[in-house]
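All chains should be modelled from the sequences, with the hints used to inform the complete structure.
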Amino acid sequence: MANTVVLKLVCALVVCIVVTATHVEAEVTCNEVKNDLGTCLSYLQSGGDVPETCCEGMNSLYAAANDTPARQTACRCIKQFASSVSGINEDNANSLPGKCGYSETALPAQLCATPVLFI
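Using numbering that gives the first Met the number 0, the letters of the sequence shown correspond one by one to residues 0 to 118.
Source of the hints: derived by calculation from the structure; they are not laboratory data.
Virtual Cβ for every residue (Gly too), placed ideally from N, Cα, C.
There's no promise every hint is true.
As the list claims (entries may be wrong) - DSSO-like cross-link-like pairs, simulated, lysine-lysine; straight-line CA separation at most 27 Å:
hint : residue 1 : residue 2
1    : K78       : K98
2    : K33       : K98
3    : K78       : K33
Unchecked claim - The calculated label-pair distances, taken between Cβ atoms and stated as ranges, are:
hint : residue 1 : residue 2 : range
4    : D48       : P68       : 33 to 41 Å
5    : E26       : D90       : 26 to 34 Å
6    : P68       : G47       : 14 to 22 Å
7    : N93       : K33       : 17 to 25 Å
8    : S41       : T67       : 30 to 38 Å
9    : S41       : Q79       : 14 to 22 Å
10   : P68       : Q44       : 27 to 35 Å
11   : S59       : V84       : 17 to 25 Å
12   : E26       : G46       : 17 to 25 Å
13   : G37       : G97       : 14 to 22 Å
See the structure below:
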């Protein structure tokens, strides 16, 4: 069950990265992912209002994940981050991109392994 939630969170967040990535030179690190998504934890676990800093962090992460290797790194880091946190609500994870203004749907789990996937 926890793996399903983590997988859905990863898919939902990575699809946003793939669809909205800009052409900014940057390298994604797991520390950045943790910092960018850390402010989303209250929403992911309990729901309610999404903190503005959460959406700002997502925007920052999407801007940094501007090519295939960066998106794959972001995907791996999101997986690590999500699996290290308990109590993530699947519905909250699925709705987070929409709450931050993105309308993407989740991509298949293979996203982390495949070079490029677009909707």
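Looking back at the numbered hints, which does the structure fail to meet, lowest number first?
Numbers 6 and 12 - these are the hints that the structure violates, sorted from lowest upward.
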